[in-house]
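Visitor: Single-letter residue listing:
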Amino acid sequence: MPTDAALKSPAVPLREIPHVVSPGLWTLAWRRLKTDSIAMVCLAIVAAFLLLMLASGLGLVAKDWAREVGVNYAPPSWLDYSPEPVPAPGGPATSGTSPDGAPGTVIADALKPEAPTPGADESKIVDPLADVMKDIRSGQAGVKEAAVEERRATLPFGGDKWGRDIIAKTIKGSETSIFVGLAAAVVAVFIGTVLGAFAGYYGRWVDDVLNWFYSVFSSIPFLLLILAVAAVLQQKGMFTIVLILGLTGWSGVFRLIRAEYLKHKGREYVMAADALGASNSRKMFLHIFPNVSHVVLVQLSILTVGFIKAEVILSFLGFGVPVDVVSWGSMLNEAQNELILGKWWQLVAATIAMATLVTAFSLFTDALRDALDPKLKGRTGH
Amino acid sequence: MDSTDIALDPLVRIRDLRVTFRLDKHHTFEAVKGISFDIPKNATIALVGESGSGKSVTALAILGLLPPENTIIDPKSQIVYGGRNIVGMPPADLRALRGADISMIFQEPMTSLNPVFTVGFQLEEVLRLHMGLSGAAARKRSIALLNEVGIPEPERRIDMFPSQMSGGQQQRVMIAMAIACEPKLLIADEPTTALDVTIQKQILDLIADLQKKHQMSVLFITHDLAVVGEIADRVVVMRNGEIREQGAAKQIFEDPKDTYTKALLKCRPQIDRRPARLPVIDDFMTGDGMGPTNIPERKRGLSPGDPIVLEVRKLGKSFYSREGVFGKREFKAVKDVSFTLARGKTMGLVGESGSGKTTVGLTLMRLHEATTGEALFEGRDILAMSAKEFMQYKRRIQIIFQNPYASLNPRFIVGQILTEPMQIHGIGANAQERTDLAFELLQKVGLPEVSFYKYPHEFSGGQRQRIAIARCLTLKPDILICDESVSALDVSVQAQVLNLLQDLQAEFDLSYIFISHDLAVVKYISDQVMVMSEGEIVEIANSDEIYRNPREAYTKRLLASIPKGWHPGQAHAGAGA
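Chains A and B, in that order, are what the protein sequence lines are.
The first sequence finishes on residue 1364 if you use the working numbering, and the numbering steps up by one all the way, no holes.
The second sequence finishes on residue 574 if you use the working numbering, and the numbering steps up by one all the way, no holes.
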């Protein structure tokens, strides 16, 4: 038995020695990632999108996205677009088109104070809202005067049916889409990791119960489940959709993390920790978790991409964000009607933005996985 | 190197072989640095070296199996076989050569055989590809081959899957596949390292027999000189990609010229001697190259008056597997094992794989729950007490695992690895005290202080095992269970760790339970030896006693299988020339 004296009497004066902390997993992965030029380009793109999202969220850019700065369906300015009769909002009504064809006048016409209808006086009907309407009209008239003057015939990337700038709208849409994607991925990865860790680590009945739960969840078609959760939550909104995606998307992470924990549980270093007297939670989170954290990160990255797409699909289908919130999905939804009229720029803008981000994010995820687990790649160099 | 006694017409002539690996864009590593040697016809050549010596790379180069995308073989290198240079040979020609003229057996038979095909199918495939045999002819030849490599009832076994065979039998199947096409050269890369000592002996005998019978050449790659002594005609000793010495086996063993060869021969524990300290490579590489002489012998053995620290009574451990709907099948891994461990002494625990020796260790640590029996530590049964009560005893029994690469958490720096157990058990008043203690232990196990800030992957196997030992010492244990703790280490590193263990035992009065399949190591370090087979104790006795006068037939068989290395008067063919 080693006596305390034997161990505690220092043979040399102990001190902070000069040292370099060795690079850990993340530093090494980052170094590998830095040599991958595609990954770095993708990372820059993803970072740009994230910054844009943040800036838009803080109101630094695209704050006035809802302002109708252009004429209805203002075409992109770089497009040689001969003005055509433009239908009034709400339908392809041609009746409202004024002969001169200038789109600006359509709105002006529509908002003109109602001319006294012949015979209105005779009916002597007192409109209870007359005063209010008058106020509104006069107010509108004021706005209208300003707006009509400001409205431009073309916009950098065109305008939507209310003449809102597509670029600003796309940026605002990215805020919603990326936020929903990221937040939902965080929720899903958190649920999947915690449940997976418990199932894999404890095994036995815990594993059985969680596996049963997982099987039930994954046996229901995805969309149906989303509808069910949406019905239960009874409200639309960004947080609802985050919750829906998060609650339905954890099963893949659960399966992976469970398998990782099963594998690591039997490793000698965990057995060694056991022999040293480490508690279950210490083994689970202090010992095993850092060894599976790279899987978690890659899953987070994969799910973010998936959920951005899922949000777009949901909003497109109308199950997504509320009408007053703009997202890439709702833009695509609007665009499907506009396409009939040949107004393609909203569709193209949302598609380009989404495709760029998703492609860059996916490529980055692949590079990240390779950087975190260089053995997977099998070969080095080219 | 000597060029005088090289055969005039060798089977393979290797000249100035240089192999470099590309690590990344800027770094390369030269694994083999311009080596030259010959493989004579009809002889066994042993390529001996520790890990990183380049021996396996050399073998893979001969087969043309090095991955082309990150390997650079110097174009001036020559590996001449049958008048043709293998370096730069087109892949199609290489494939024709492999299997037919040159074949190879690997270390792990379990992973070298495809688990989803029967052994017969895999054997017949080789015959079909290289010999053009098919159908009944291939099957007949396969059965003959299995018979030749000593597999009983080959007609029945040919339809078995690899998993239905033991490790030794799988290795025999691998050998059958390798000799199926009557190769001129058989490359055996550590073919017995993963096998038990008795099986190792059988496989070595088989390879020697086949070599004579088929008049082929064997390139035998190993880290263990003792294994080589019995079968090699010529020995090539490699270190760090260079050949240190080559010559006839007799000369290498009886009159080694190179200091490194001398060191390799000396640092492995001898069965008949027990120096107080094993010589290590450094003893030879520095100074006059003669190494330490006249090391006093250490006395080992148990005297009746020694205080007992642990008494194990009728320990039993069963594993259950489900069978049918409600049925359970019991497998008794450990049956009624009783022994006592004296303070400051070492109990060696030997047996073949599956004998239950590791289970005994894990059960005593309560990493497995014991089925029956008790273990008295200071008069209290540690197997029966509650987990909470056991906590304070837990730190007093510690274990060092076999694989130093797996037993340290790769995401912790050494400092964390060492301070964590102290933190768990509340040793040391604060973080500073624990850090101080960790630094002190690093010094004690012979690691530099900067190690504190490094990750396990930055250390070699031997250094990692030192870290594992230091981690156990943080808890000031009374009993240390060493579960094959030196088996995965190179011979020279093994000697260092064994020395360290002995020093620590003397300093802290530790008791060891030393589990190993390596009888020479157990003999060296143990006071008492317990031989286990199929979960039962075969024999317990003082270690000198058991090696001198084994009582049981099983023990005798085990002892007879220990590779003896070279001994004068060995009936041997000598050099291949």
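What the hints contain is simulated information worked out from the structure, not anything from laboratory work.
Do not rely on the hints blindly, as some may be mistaken.
Stated by the list, open to error - Computed, partial: chain A to chain B, Cβ under 7 Å:
1) Asp1018
2) Ser1201
3) Ala1241
4) Gly1248
5) Asp1256
6) Leu1258
7) Ala1260
8) Lys1265
9) Phe1267
10) Pro1272
11) Asn1319
12) Ala1337
Where is the CB? At the ideal position from N, CA and C, for every residue including glycine.
Visitor: For each hint, tell me whether it holds in the structure or not.
Guide: Right, here's what the structure says about each hint:
no. : hint    : result
1   : Asp1018 : violated, 11 Å
2   : Ser1201 : violated, 25 Å
3   : Ala1241 : violated, 18 Å
4   : Gly1248 : violated, 10 Å
5   : Asp1256 : holds, 6 Å
6   : Leu1258 : holds, 4 Å
7   : Ala1260 : holds, 6 Å
8   : Lys1265 : violated, 10 Å
9   : Phe1267 : violated, 12 Å
10  : Pro1272 : holds, 4 Å
11  : Asn1319 : violated, 53 Å
12  : Ala1337 : violated, 32 Å
When each numbered hint is compared with the structure, violations occur for hints 1, 2, 3, 4, 8, 9, 11 and 12.
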